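2 protein chains.
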Amino acid sequence: MTTKAKKINIALDASVPLQNPIKIHESMRYSLLAGGKRVRPILCLAACELVGGDEATAIPMACAVEMIHTMSLIHDDLPCMDDDDLRRGKPTNHKAFGEETAILAGDALLSLAFHHVAAKTRNVEPHRVVRAVAELGSAIGSEGLVAGQMVDICSEGKEVGLDELEYIHVHKTSKLLEAAVVCGAIIGGGDGIVVEGLRKYARCIGLLFQVVDDILDVTKSSKELGKTAGKDLASRKATYPRLMGLEKAKEFARELVGNAVEELRQFDALRAAPLYHLAGYIASRQN
Amino acid sequence: MTTKAKKINIALDASVPLQNPIKIHESMRYSLLAGGKRVRPILCLAACELVGGDEATAIPMACAVEMIHTMSLIHDDLPCMDDDDLRRGKPTNHKAFGEETAILAGDALLSLAFHHVAAKTRNVEPHRVVRAVAELGSAIGSEGLVAGQMVDICSEGKEVGLDELEYIHVHKTSKLLEAAVVCGAIIGGGDGIVVEGLRKYARCIGLLFQVVDDILDVTKSSKELGKTAGKDLASRKATYPRLMGLEKAKEFARELVGNAVEELRQFDALRAAPLYHLAGYIASRQN
Numbered sequence: 065m066t067t068k069a070k071k072i073n074i075a076l077d078a079s080v081p082l083q084n085p086i087k088i089h090e091s092m093r094y095s096l097l098a099g100g101k102r103v104r105p106i107l108c109l110a111a112c113e114l115v116g117g118d119e120a121t122a123i124p125m126a127c128a129v130e131m132i133h134t135m136s137l138i139h140d141d142l143p144c145m146d147d148d149d150l151r152r153g154k155p156t157n158h159k160a161f162g163e164e165t166a167i168l169a170g171d172a173l174l175s176l177a178f179h180h181v182a183a184k185t186r187n188v189e190p191h192r193v194v195r196a197v198a199e200l201g202s203a204i205g206s207e208g209l210v211a212g213q214m215v216d217i218c219s220e221g222k223e224v225g226l227d228e229l230e231y232i233h234v235h236k237t238s239k240l241l242e243a244a245v246v247c248g249a250i251i252g253g254g255d256g257i258v259v260e261g262l263r264k265y266a267r268c269i270g271l272l273f274q275v276v277d278d279i280l281d282v283t284k285s286s287k288e289l290g291k292t293a294g295k296d297l298a299s300r301k302a303t304y305p306r307l308m309g310l311e312k313a314k315e316f317a318r319e320l321v322g323n324a325v326e327e328l329r330q331f332d333a334l335r336a337a338p339l340y341h342l343a344g345y346i347a348s349r350q351n
Numbered sequence: 065m066t067t068k069a070k071k072i073n074i075a076l077d078a079s080v081p082l083q084n085p086i087k088i089h090e091s092m093r094y095s096l097l098a099g100g101k102r103v104r105p106i107l108c109l110a111a112c113e114l115v116g117g118d119e120a121t122a123i124p125m126a127c128a129v130e131m132i133h134t135m136s137l138i139h140d141d142l143p144c145m146d147d148d149d150l151r152r153g154k155p156t157n158h159k160a161f162g163e164e165t166a167i168l169a170g171d172a173l174l175s176l177a178f179h180h181v182a183a184k185t186r187n188v189e190p191h192r193v194v195r196a197v198a199e200l201g202s203a204i205g206s207e208g209l210v211a212g213q214m215v216d217i218c219s220e221g222k223e224v225g226l227d228e229l230e231y232i233h234v235h236k237t238s239k240l241l242e243a244a245v246v247c248g249a250i251i252g253g254g255d256g257i258v259v260e261g262l263r264k265y266a267r268c269i270g271l272l273f274q275v276v277d278d279i280l281d282v283t284k285s286s287k288e289l290g291k292t293a294g295k296d297l298a299s300r301k302a303t304y305p306r307l308m309g310l311e312k313a314k315e316f317a318r319e320l321v322g323n324a325v326e327e328l329r330q331f332d333a334l335r336a337a338p339l340y341h342l343a344g345y346i347a348s349r350q351n
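Here the protein sequences line up with chains A and B, keeping their order. According to the working numbering, the first sequence is numbered sequentially starting from 65. According to the working numbering, the second sequence is numbered sequentially starting from 65.
Chain A extracted, bound-state conformation:
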C-alpha cells in the first residue's frame, strides 16, 4: 500500500505544476497534496492489477479520482455548504485562499481530472478510456456526488431516516470509490461480471467508509482526526451512531466488511490481497 501511495503522490505532484496563474495552482496543490490517505487511487491501481492489467496504465485514472475527491472536499467545505475551517489538520482551502479561488480550484481540478485521463493514459485501448470517462462522469454529477451533497444539505435540521442516510452516503462516498475501482478494472482490461463484482465490493467499502467516519466523529478528538470532531453530534446531523446507536453501527460496519470480502472470493486470493487489506484498513482506521 505504501508503495502505491508513494507512486500516486509523485504522480499527483507532477500533475499540477506550479505555473501561471500562480495563485490558482498554489490553491490546487495546497489541497491535492495535503497528505490524504489516497484510498481511492490505491483502490484504482489495485483493481487494475487484480484483473491482470499493468498498474502504470491506471496511474492517470488514479490521479483523476483523487483530483475529483479533493474538488469535492474543497467545495463541500465552503461557507455556504458545510462551512468547515479545518481539513486534514490545516485551514480549509477557502480559509487559506479565499472563497473565489477555492471555487475555481475545485472547477480546475474537476476538469483537469478528465483532461488527465484522456491525455495521459498510455497503452490502453481507447474504447476503455471512453468507458472509464463515462463511468467517472456519472459518479460525480447529479446522480452521484452532487446528488448526495444536495440531499445532505436539504436534510439539515430535518429528521432523517436510515434510508435517506444511506442514500446520502452511497452518493457522497460510495459512488466515487465505486468509480475508482470500476475504472481501474476497465483500464486494466476487465469486463462483465468481474467489473460488476468489484462494483459491489466498492459499494460496501464506500458505505463502510462513511459508517466508520460517523463512528470516529463521536469517539475521537479533533486532534486525533485532523478535523473538527463531534461536529455531527453538535449539529444534530443524522449519523449511523445517532440513528442506530454506537454498538449497532459497529455491527453494521462488521457486516459491510463481510459483504465486501465476499465479493472478492471469485478472485485469486493473493492477487486480491490489496483489496482485502483495504477493507480491513478502512474498518480499523483511527482517523
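Any given hint might turn out to be false.
Since the list gives no way to pick out one identical chain from another, each pair is judged satisfied if it fits inside one copy or across any two copies.
Restricting the straight-line Cα-Cα distance to at most 25 Å, the calculated cross-link-like pairs of lysine-lysine (BS3-like) are [said to hold, decoys possible]:
1) Lys222 x Lys159
2) Lys87 x Lys222
3) Lys314 x Lys301
4) Lys70 x Lys184
5) Lys301 x Lys87
6) Lys154 x Lys71
7) Lys101 x Lys159
8) Lys154 x Lys101
Hints in this document: simulated from the structure, not taken from any laboratory. All values derive from a computational prediction rather than experimental measurement.
With chain A fixed as given, assemble chain B onto it according to the hints.
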C-alpha cells in the same frame, strides 16, 4: 443556424431530465435552458460538418460545450466572484436557488459534460472521443477558463494593460469557443492543419466575441442586453473601449473578423458558409 440551434435545444432538454433530487435538476435546467444564443454548440456542429463529418455524431459534444459554458456563467455570477443578479434577463442561478445549489449545479453540469460525450457519442472512433475529451478538459481548467477568471478577479481595481486584457479574454472566452470548434472537427474526422486552421479561426472569433461584448456594455441598455449594462464602466473594469477608445475597439473587431474568415479560405466556401455566417453574426450582434 436556426435549425442547428433547435436541434441543440432539443438535445439539451433531453440531457438533463427532471429527476430526483428535483432541486439540483431544476437548477441545472434553469440555467442550461435559459435560451442562450448557442454560439458554441452551433460552431461545434458546423466544424464537424465542414471537415466532412455527420452533424449528428457531434450533438453530444455540442451539448457538452454548452453545459460547460453554462457552468462557467453560474459560477462566475456567484457573490464571491462577479456578484451578478441578472443573466439572460432572469435572476442568476444563485438568486433563484441559493448559493450552495448554484455551486453544485455548476459542478454537476461540468461532470455531466464529460459523461455525456463519453457515454452518448455514437459512430465515432474511440480515439477521437478521447482526443476531444482531452481538448475539452484543457479548455476549462487552470490553463483555460479558470485561468482567465482567476486573472480577471485578481486584476480588479488594478490598472490592466492590453496584454493582460487579451490574456483574460483568450482564456475566459476564446478557449471554450476554440474547444467547441476543434472538438467538432476532431469528432467529424478532421486532423492536422485542418484542425489547426479552425483553431485559429476560433481564437479570433473568441476574442471578437469579447470585444463586441465590451462594446455592447457601453452602448446598450440593460433591457436590450438582458443583463446589467454599464457594469464594466461603473466598476472601472478594463475593457477594450476603455483602453483603446470606442472607435479603435470597433476597428479591432473588424480586424478580428478579417483574420477569422482568412482562415476559412482553405475550405470549400459553401461548406464553410455557416462559419462565415457566425463570424458575421458575432460581429454584428446587438445583445
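Task: Numbers of unmet hints, in rising order - done: none
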